[in-house]
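Peer 1: Take a look at the letters that make up each chain.
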Amino acid sequence: MKIKAIVLLILTGLIALLFAFKSGLFKAVDDEYVSQKLPDVVDYNFHIKPILSDNCYTCHGPDANKRKAGLRLDDEQAAFSELPENPGKFAIVAGKPNRSLLYQQVVSDDPKQIMPPPDSQLKLNSYEKKLLKKWIEQGAKFEKHWAFIPPKKADLPQNEATNWGENEIDAFILEKLEENGLSPSSKADDHTLIRRMSLDLTGLPPNAAQVRLFLSNSSEDILEQAIDEFLASPAYGERMTQVWLDVARYADSHGYQDDSYRSMWPWRDWVIHAFNNNLPYDEFLTLQLAGDLMPNAGMEQILATGFNRNHPITQEGGVIQEEYHSYYVSDRTNTLGKGILGLTLECAKCHDHKYDQLSQRDYFEIYSFFNNVNEKGLRMDAVQAARQKYFADAPYIEISDEETAGVLSFINKPEGEEVKVMVMNDSMPRKTYIFNRGAYDSPGEEVAPGTPDIILPFSENLPKNRLGLAKWVTDEDNPLTSRVFVNRIWGMLFGKGLVETAEDFGVQGSLPTHPQLLDWLARDFVEHNWDIKYLLKKIMLSATYQQSSVATEEVKKADPENRWLSRAPRFRMSGEIIRDYILATSGLLNKEIGGPSVKPYQPPGLWEETNAGGNRGVLTTYVADEGDKLYRRSLYTLWKRTLPPPSMSIFDAPNRDICEVRRQKTNTPLQALALQNDVQMLEAARVLAQNVIAEIQPPNQWVTTVFQRILIRNPKDEELKVLENYYSDALDKFLKEEGNAEKLIAQGEYKNMETDPVKTAALMLTAQVIYNLDETITKE
Amino acid sequence: MEEDKSKSENPLKVNRRHFFSQLSVGIGSLALGSLLIPDLFKGGPKPLASQPLGIPHFAPKAKRVIYLFQSGAPSQLESFDYKPTLAKRMGEDLPDSVRNGQRLTGMTAGQDKFPLMPSAAKFAQHGKSGAWVSEFFPHIAKIADDICIVKSMHTEAINHDPAITFFQTGSQQSGRPSMGSWMSYGLGSENQNLPSFVVLTSRGKGNSQGLYSKLWSSGFLDSKHQGVLLRSGKDPVLYLNDPDGISRSDKRHLLDHVSSLNKLHHIETGDDEIESRIAQYEMAYRMQMSVPDVMDIKKEPESIIKLYGEDSQVPGTYAANCLQARRLAENGVRFIQLYHQGWDQHGNLPNEMAGQAKDVDQASAALILDLKQRGMLEDTLVIWGGEFGRTNYCQGNFDPKNYGRDHHPRAFSIWMAGGGIKPGITFGETDEFGYNIVKNPVHINDFHATIMNNLGLDHEQLTYKYQGRRFRLTDVAGNVIKDIIT
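Residue numbers (UniProt numbering), protein chains in the order written: chain X, 1 to 780; chain V, 1 to 486.
Accuracy of the hints is not assured; some may be wrong.
Below, computed lysine-lysine pairings styled on DSBU-like, alpha-carbon distance capped at 35 Å [to be verified]:
(1) Lys142(V) - Lys422(V)
(2) Lys599(X) - Lys251(V)
(3) Lys439(V) - Lys142(V)
(4) Lys142(V) - Lys130(X)
Simulated from the structure, these hints should not be mistaken for laboratory data. Quantities reported herein were computed from a predicted structural model and do not represent experimental measurements.
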């Protein structure tokens, strides 16, 4: 095995060297781009349109109002037309770059002629210019934007290497690897793999029994069994919900300045239920967009529409409700765009989209679907609302014991209480106008509900309401919905999507690294009835997913970003997963599912320092919960938009004011401080130490056990030596300073066990060393 | 450590992953080219010609900003915009020709009359420049020749949340990076042990409005540009303090073990992100010393305490925060954002505003004088102001001793000092009613463009590509107000 790897490595190196020579890497060059080799066939979507879009569309693109010189380059017919301000001349003449003004002006030296104009701060490089020339020479072919063409399953690539690959995915990955002179990594070791799969599917580390079973079983389908077990665990629904909450901009507060409490959590319980029941994605979307309009809609269907009431609602005194109403409807429109269609629809609110073929009319046609809700905005300010327990703005449904005993049994509602949840209805049909410059008080032409034809014509047979919209969204010919979702699932597993800009599949977004794979996955997903668990399993059973994440110097050089996936990704877990991981490994995790959001530890004073003074609203002072509510999974932590839980924000959680589909993965000193000093972390280290001391004999197994429980593997000799030394140093210290040991182990509310304080403190600090390792907070 | 230094100075070299996220931002063509050209990403991180940050764009006049934000919107009519006509025509209805279609908030839209209300505070001219300053601000009056009063600010927002968000992020709606984050992104940090953008809050007794972390959020920029809230209590930065029972050397010992295990794992995995993690832990360790040190005002001499006023010794007050701001500025923090809440006087304005002014007057002036005596005013830009102005007519009962004013977006006053701003001038004028601007309007976008200009940044060039668009702090507008620049 090892020899094989070395041979592969040498081969890879040789190939890389060859490429380097061929492409002139060792020649002296005068421009960074001169040495780049032009493709044999220039592709419009992949080569030309990004140049035109990025550099030209602002003045020569879809926005009719900003168009200059009557030239439009995003539309084939227009681009070939005679220039209105330059009779007899053409921007593009197929096959004739020297007669194409587009090319002539791009290569011009004359500051009055050159395009883009100098004041735009934009400039084409030599490679881009050559590409344009070659494209025109080859006939200047236009194509529809790639993401607007319905995906098709291409034939599986035939690759040179035949000894690698588990399923179809690998064929596509291997093709690109070979093209790039790379080869796949070997399979990850079993410990890594089970931890990876567990984190991906449950957001938690695997438990001891799962690890034991997995490691002791050598049957062929053991991986599949493990995946099935994780998928069947209730933690799966929580894990998937966690991600969906960012998309759905879920919060437990209204946002804006008073930011008082709202009760949307039963909607969150529904999402968990939906994922755990493996509701097909098309139904999952349909219920959320239009559950109330479905034939025989019941409480569950109506509850699901809370999705579109999750946006912030102002309680500020003196606002003009009509202005804010337009914000709410826009928010729903933008969320459909970013969260479901991967489109920057909001860019077409004030004017036609500058880059994508989406007009301002298109924007307001979609807007009109969401514009018929009988909502007035919160009718009470935060003070009144708090007094009258007015936590939901009409329209809403009321959930009582009767429902939770029956159709809504998945809601974890405290008995005897009633809870109101905001939902959608269409009981107040409004006329929708195109707002001039997007301003609510400047209505223009009236529009009817509709969707952009360029994506998929809205069928005559569909009702012109949200249900029709949902059917259009989930139509198997809709080119975006399935692609956008499989891409996000890919991103969840691999750290970034095949389309890196998961929020933007438009012309300014990134191009897919593996377009055929993306399309294959999208089609396959739809063919399998939008089955999310199927999709996850498919990807996880690929050899691509199961590779080791170790990066050699060579491969780092060849593919630093790991675009071609010659290794598995290695990246920091989200704030929620980190906290849950620490709770789970320490033994503190409370596995209760659903229910009203909870308030775990938070540094004191944060809400008080920034609230509006006095007691305006409900969420003005933070009083942490007690008992086992402190140890719930992080998706149940109460989310106040204006001051989200700091232990989540520090790890790049968005504030949930708007739909977000992609989190950053930063690495900052504030994260280091949170991991060292947050009482939640310290308490976990203490409780883990006490559990191990109480359960494990002899004491010389303690450090090893702590290590195993946290990292789900055995320590290597060298690691164990470092940690044993540390433990004995700490023991010496606390033997001399028993008082400090007592102080240290006083962390957290959880009851102190009857363990020796000196040993506890020493082992607690040892656990803290391990909790602060990069490996602990990283999915490998 | 050499390497560390370059990391913190160049915002693009933090780590490889970060570098490439920047790369894909600046040059869409590269991303596409690499699809078919395998060797494009070889050769490691090397800046490319088309990278957006050739910074500074020109010689900066200021190195840092201290923004004294007066949250809630102080009235211009009781501070810097003297309008004797309001006294002459007291109680008369605001003429429609003056109001000219201005929309109203829900709080006064129901009033049948809009009676003009004069200032309860008396005005006088001060300094060689003869600037008009009200009696509410005696200390600021004394530095009239050091500051530039802009009486012609205007905005579109008429409610607090969108208006503050507009000032802080260039957009009325949530989601854009804060101006401090833009500066941090553009200019990086001058300091290895402190964040480049910090936030301090305080609150007066006046009617107050909430603050939100989105105001100092980095939006779509890397979150290391996020403002760090510095607090007055035991933990000035969240989670800064080690738990009881642990000494500084214990912490060092612990971190050394974390590092050595991390290093072992780095060798095994080859992931350079681990090196970056080790560096962040070191920075955190340094912050545990440097932050309390810079926050410790006990070292300040009596003369300084006297200058800023007794309040400066009470942690969490505006005065203490001003003194803190100077110390942070000395230590190389790029953008220091203060908020003082309580300026929303819909009623009881004369009393409440006098109280709010008392909170901030002496310390604001002291900050200018202190910076000046240290030779730091030259390259420190100080800004004082709120999110909009207040109406010239009365809200609620008409009582010249106890009246209120509603929100007014069309004209209001702020002042700036130092950092390349002309001292001792008043810029812009409003009509005799103080309602409309008649000369030299300054929009929020212009204000941002001007600040950026003084920091050596071209507001049209400092962009970040997100969702396919190159975003700027000034969106698609903004002109540098050259007349107020030295």
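Peer 1: Against this structure, judge whether each hint is valid.
Peer 2: Verification of the supplied hints:
1. Lys142(V) - Lys422(V): Roughly 17 Å between the alpha carbons, so the hint for Lys142(V) and Lys422(V) holds.
2. Lys599(X) - Lys251(V): Holds. Lys599(X) to Lys251(V) sits at ~29 Å (cutoff 35 Å).
3. Lys439(V) - Lys142(V): holds (26 Å)
4. Lys142(V) - Lys130(X): violated (65 Å)
When each numbered hint is compared with the structure, a violation occurs for hint 4 only.
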